[in-house]
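Below, each chain spelled out in residue letters.
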Amino acid sequence: MAFYIVQFLTGLASAASLFLVASGLSIIFGVTRIVNFAHGAFYMLGAYLAFTLTERFSGALGFWGGIVAAALVVAVIGVVIEMVLLRRIYHSPELFQLLATFGLTLMVEDLVVLIWGPSDMLGRRAPGFKGAVDFFGQNIPSYELFLIVLGPVVLGILWLLFQRTRWGVLVRAATQDRDMVAALGVNQKWLFTSVFALGVFLAALGGALQIPRDAVNHAMDLRIIVDVFVVVVIGGLGSITGAFVAAVLVSELNAFGILIFPKISIILVFLVMAVVLIVRPWGLFGKPEAPARRSPGLTVNPWRPLTSSERLAALAVIAIAAALPLFAGNYALTVGAEIAIFVIFAASLHFLMSVGGLASFGHAAYFGLGAYGVAFLAKMAGLPMIACLLLGPLLGLLGAAVFGFFAVQLSGVYFAMLTLAFAQIVWSIAFQWVEVTGGDNGILGVWPEKWAASPSHFYWLSLGIAVLMVAALRVVIFSPFGFALRATRDSPLRGEAIGINGKRIQWTAFVIAGSVAGVGGALFAYLKGSVFPDVVGISLSVDALVMVLLGGVETISGAVVGAVIYKALNIWLVSQTDLSKLVLGGFIVLIVVAFPKGIVGVIEAIRLRYRRAPAPAVLAQRIESAE
Amino acid sequence: MSSPSALLSVEGLTKSYGGVHAVRGVSFALKAGEILALIGPNGAGKSTCFDMLNGQKSPDSGRIMLLGEDTTGRAPREIWRLGVGRTFQITATFPTMTVRENVQVALVSHRGQLFNLFASTPKLAREEAGRLLELVGMSGYADRPCGELAYGDLKRLELAVALANQPKLLLMDEPTAGMAPRERVELMRLTAQIAREKSIGVLFTEHDMDVVFEHADRILVLNRGNLIAEGTPAEVRGNPEVRAVYLGEGLVYDARHRDGAPA
Chain A
1 MAFYIVQFLT GLASAASLFL VASGLSIIFG VTRIVNFAHG AFYMLGAYLA
51 FTLTERFSGA LGFWGGIVAA ALVVAVIGVV IEMVLLRRIY HSPELFQLLA
101 TFGLTLMVED LVVLIWGPSD MLGRRAPGFK GAVDFFGQNI PSYELFLIVL
151 GPVVLGILWL LFQRTRWGVL VRAATQDRDM VAALGVNQKW LFTSVFALGV
201 FLAALGGALQ IPRDAVNHAM DLRIIVDVFV VVVIGGLGSI TGAFVAAVLV
251 SELNAFGILI FPKISIILVF LVMAVVLIVR PWGLFGKPEA PARRSPGLTV
301 NPWRPLTSSE RLAALAVIAI AAALPLFAGN YALTVGAEIA IFVIFAASLH
351 FLMSVGGLAS FGHAAYFGLG AYGVAFLAKM AGLPMIACLL LGPLLGLLGA
401 AVFGFFAVQL SGVYFAMLTL AFAQIVWSIA FQWVEVTGGD NGILGVWPEK
451 WAASPSHFYW LSLGIAVLMV AALRVVIFSP FGFALRATRD SPLRGEAIGI
501 NGKRIQWTAF VIAGSVAGVG GALFAYLKGS VFPDVVGISL SVDALVMVLL
551 GGVETISGAV VGAVIYKALN IWLVSQTDLS KLVLGGFIVL IVVAFPKGIV
601 GVIEAIRLRY RRAPAPAVLA QRIESAE
Chain B
1001 MSSPSALLSV EGLTKSYGGV HAVRGVSFAL KAGEILALIG PNGAGKSTCF
1051 DMLNGQKSPD SGRIMLLGED TTGRAPREIW RLGVGRTFQI TATFPTMTVR
1101 ENVQVALVSH RGQLFNLFAS TPKLAREEAG RLLELVGMSG YADRPCGELA
1151 YGDLKRLELA VALANQPKLL LMDEPTAGMA PRERVELMRL TAQIAREKSI
1201 GVLFTEHDMD VVFEHADRIL VLNRGNLIAE GTPAEVRGNP EVRAVYLGEG
1251 LVYDARHRDG APA
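Listed in order, the protein sequences are those of chains A and B. For the first sequence, counting from 1, position 304 maps to 304 in the working numbering; every step adds exactly one. For the second sequence, counting from 1, position 241 maps to 1241 in the working numbering; every step adds exactly one.
Same shape as in the complex, but just chain A (with noise of 0.2 angstroms):
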């Protein structure tokens, strides 16, 4: 019995982090509308600086004085981001918002890497918490103790700011309606930065205070990123007690998950999430919000078949990759091979997120899923290539079809945060189910066969399937369930107004989106050769949003210009440097504020300005007869 006090207490204990970082992020959703993906980021940041400072000075106040200090600074470094990015993108879509903050997390990673070394680091133990108690024989931590209290007594003081301050009533009135609050005479560029300021501060003091209890080390932003993402998920978004409350379900969820089912302890809490999203949307103290203004997005340009002349510039680009085998050397047929897979990889998405509106943060799933089904049907059923490349996608077809009915009952920031979640549910049991898929240690020896094997013929293969996919892609988004699935990006009310059932035509699209990401990932399994869990990895989801927007968002071919552009691109930076993760950040981030429309989108906007060049007089003769 003692064991289990001790154990509901550890969880209480990791309860506090987690809600000092939540609560942050919550803050700063309420009032920017922003979710903050750096905001691990920041907690990382506010350990390292922790521990450097703690290591500096000694003594109980170097201590303590070095943690509150560390927090500090970094809400220092989150309003100089907050006054040079954020103010440039608060009217973005929120993908972009979404985007622009997980380029600031690449960047910080290889930053701290840079400056404190890629190797854990244990940290001090707490001056004054340094013995454990005895509890029934069995040992507690005081520090555990400590940060116990330490949680509700944030949530007290956050309550008392909020109540009873005249910037908390600011800050609660411009979470219900900035706009009103702006038309009252209130600067609102410092009450967001100031806002901003706080959140940073309490995930950066959540940050710091883990480091007598764990190691710091460069991969703890994303950890706790997706652990923060499904406490706000189901506390709800902008609710402070809501962090709170979720903060503890999820960490008991985790401390007695272990016990219970050590295979699946990850499962656990992303099933409640689930539960929760079904039942209350809006998660257990959030409420239910109006439809958040519709970005109309950055052009209305509507889309249009390939005129012939441009579908013989198709033909003839597909003509000179086809031609490749014939002048490169086996690897640049293998790097061909695999831009060719991504290029699938970033269609599907791209059906998704640009024709549908859902900006899916956990694509990869279905990619690793196509993956593993490979692997499975090659391994385990000896199956021939053919069959293998046929019905590996089911997987993905699969996965889609289970995680995507649950996800389209959402949509906007809580779909990407949904869609996230679910792939880190794929990956822990790729991960965790050692038995079946091998593990951290992957799936070896999937090779294509003969027929296959060559580069030049895998090249060719690999090819064939992205040119297929892309034209089977092109003719949905041209087809009657292609206009009913923009129809309901567009305008949910007027579509469901003319006979459209929204949902099922979402779904049915994720459906075919995973599909195809599955027909990917079963060519990438015989490219490599083998499958890991990094197949349907965070790093991997966030690689193909990257693609669709470096093409252009608004665009039908964005995705497959943005894929061959982006994967060339990241292939020849891990070549040449190091700091690969901190180019890409930087260059995500260059993308989102200068640069929205994409490579593809701004060449129609040059294009379409020389053809409306001679037509203002055309425009107005046909208005005025229509008076």
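Calculated from the structure, these hints are not laboratory results. Built from N, CA and C at the ideal position, the CB exists for glycine as well. Please note: incorrect hints may appear among the correct ones.
Quick list of the computed label-pair ranges, beta carbon to beta carbon [unchecked claim]:
| # | chain 1 | residue 1 | chain 2 | residue 2 | range |
| --- | --- | --- | --- | --- | --- |
| 1 | B | Glu1148 | A | Arg311 | 25 to 31 angstroms |
| 2 | A | Leu72 | B | Glu1148 | 18 to 24 angstroms |
| 3 | B | Glu1148 | A | Gly529 | 49 to 55 angstroms |
| 4 | A | Pro288 | B | Gly1073 | 16 to 22 angstroms |
| 5 | A | Leu573 | B | Ala1075 | 26 to 32 angstroms |
| 6 | A | Trp159 | B | Ala1119 | 54 to 60 angstroms |
| 7 | A | Ala183 | B | Glu1241 | 38 to 44 angstroms |
| 8 | A | Gln7 | B | Glu1069 | 57 to 63 angstroms |
| 9 | B | Ala1075 | A | Leu72 | 50 to 56 angstroms |
| 10 | B | Arg1196 | A | Arg311 | 43 to 49 angstroms |
| 11 | B | Ala1032 | A | Ala605 | 47 to 53 angstroms |
| 12 | B | Glu1069 | A | Ala319 | 56 to 62 angstroms |
| 13 | A | Arg304 | B | Arg1189 | 30 to 36 angstroms |
| 14 | A | Arg88 | B | Gly1025 | 51 to 57 angstroms |
Some but not every residue of chain B turned toward chain A, in silico, with C-beta under 10 angstroms [said to hold, decoys possible]:
| # | residue |
| --- | --- |
| 15 | Glu1078 |
| 16 | Ile1079 |
| 17 | Thr1093 |
Each computed EDC-like pair below joins lysine to aspartate or glutamate, with the alpha-carbon atoms no more than 20 angstroms apart [unchecked claim]:
| # | chain 1 | residue 1 | chain 2 | residue 2 |
| --- | --- | --- | --- | --- |
| 18 | B | Lys1031 | B | Glu1214 |
| 19 | A | Lys528 | A | Glu449 |
| 20 | B | Lys1031 | B | Asp1217 |
| 21 | B | Lys1168 | B | Glu1197 |
| 22 | A | Lys503 | B | Glu1078 |
| 23 | B | Lys1123 | A | Glu310 |
Based on these hints, arrange chain B on the given structure of chain A.
For chain B alone, coordinates are given in the frame of chain A:
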């Protein structure tokens, strides 16, 4: 009470939000080819009534019969399939499509082709879309992006979209809100003309009394959720209760003038 030929008949429709009774026991019927106006001051319950007829809200009690089927609490898309066209107070269209494509989507849906993955939509039902746009005087705009249209044109486009499923009933929530006076009159003349030619029943709400009295065959007056008057334009015009609702009771005005006090 409802005649067998009624397109739409409503009995005892009631809806409240918390303690506010938005609609209380409203009953009426609408015949094919009839143009019925639903008027009343702000907060009278017009929009709530509309949303219940359309399926966007479900009533607390009461019954809605559309074309002989009980549609109480059914989803908007099912009600549309029965032959009900709808326009919104604030236009709802697809801004990233061309004007013609907006109509084509509705036509494709009407033909049950929504899950067709192969056909090319821009080529589907092109002529029919053209005819509908012609009908509302928008053929010159067919290839323009819908997102660029002026508001009055959007309202006309909505009418074309609402006519795509060859409706027997049109539900129009403030069809001329936000339009210039001349455009208002034109749009309602057009609607009335189409409705009479095709024998479509029309139920509309409106604040512009010129529009209401020119086109409505019958008028329903709502006040605080209750139906207070029903009849021809002339009858409603003469109804003292309606005058009181729209012009106030005149207590202060009368008192002042009786006593001869300075204004």
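Quick rundown of the hints versus the structure:
A beta carbon spacing of about 27 angstroms between Glu1148/B and Arg311/A agrees with the range 25 to 31 angstroms that was offered as a hint. The beta-carbon spacing between Leu72/A and Glu1148/B, approximately 50 angstroms, falls outside the hinted interval of 18 to 24 angstroms. Between Glu1148/B and Gly529/A, the C-beta spacing of about 52 angstroms keeps the proposed range 49 to 55 angstroms intact. In this structure the hint that Pro288/A and Gly1073/B lie 16 to 22 angstroms apart at CB holds, the actual value being about 20 angstroms.
Roughly 51 angstroms separates the CB atoms of Leu573/A and Ala1075/B, a value that falls outside the hinted 26 to 32 angstroms. Checking the proposed 54 to 60 angstroms range against Trp159/A and Ala1119/B shows it holds: the Cβ atoms sit about 58 angstroms from each other. At about 39 angstroms, the beta-carbon gap between Ala183/A and Glu1241/B stays in the expected band of 38 to 44 angstroms. Evaluation of the 57 to 63 angstroms hint for Gln7/A and Glu1069/B yields a pass: the beta carbon distance comes to about 59 angstroms.
Between Ala1075/B and Leu72/A the C-beta distance comes to about 54 angstroms, which sits within the given range of 50 to 56 angstroms. The beta-carbon spacing between Arg1196/B and Arg311/A, approximately 48 angstroms, falls within the hinted interval of 43 to 49 angstroms. Checked against the hint of 47 to 53 angstroms, the C-beta distance between Ala1032/B and Ala605/A comes to roughly 50 angstroms, which is consistent with it. The beta-carbon spacing between Glu1069/B and Ala319/A, approximately 58 angstroms, falls within the hinted interval of 56 to 62 angstroms.
Between Arg304/A and Arg1189/B the Cβ separation comes to about 35 angstroms, which falls inside the hinted range of 30 to 36 angstroms. Between Arg88/A and Gly1025/B the C-beta distance comes to about 55 angstroms, which sits within the given range of 51 to 57 angstroms. For the restraint placing Glu1078/B at the interface with chain A, the shortest Cβ-Cβ distance is roughly 8 angstroms, inside the 10 angstroms limit, so the hint holds. Against a cut-off of 10 angstroms between C-beta atoms, the interface hint on Ile1079/B holds, since the closest Cβ of chain A lies about 9 angstroms away.
Interface hint status for Thr1093/B: upheld, as the beta-carbon distance to the closest one in chain A is roughly 6 angstroms, under 10 angstroms. For a cut-off of 20 angstroms, the pair hint linking Lys1031/B to Glu1214/B stands: about 19 angstroms separates their Cα positions. Restraint check for Lys528/A and Glu449/A: satisfied, since their Cα atoms lie roughly 13 angstroms apart, inside the 20 angstroms limit. With a C-alpha separation of about 11 angstroms, the suggested pair Lys1031/B and Asp1217/B falls inside the 20 angstroms cut-off, and the hint holds.
Restraint check for Lys1168/B and Glu1197/B: the C-alpha separation of about 12 angstroms stays at or below 20 angstroms, so the hint holds. The suggested pairing of Lys503/A with Glu1078/B holds, with an alpha-carbon distance near 14 angstroms, which does not exceed 20 angstroms. As the CA atoms of Lys1123/B and Glu310/A are separated by approximately 19 angstroms, the hinted pair is consistent with the 20 angstroms bound.
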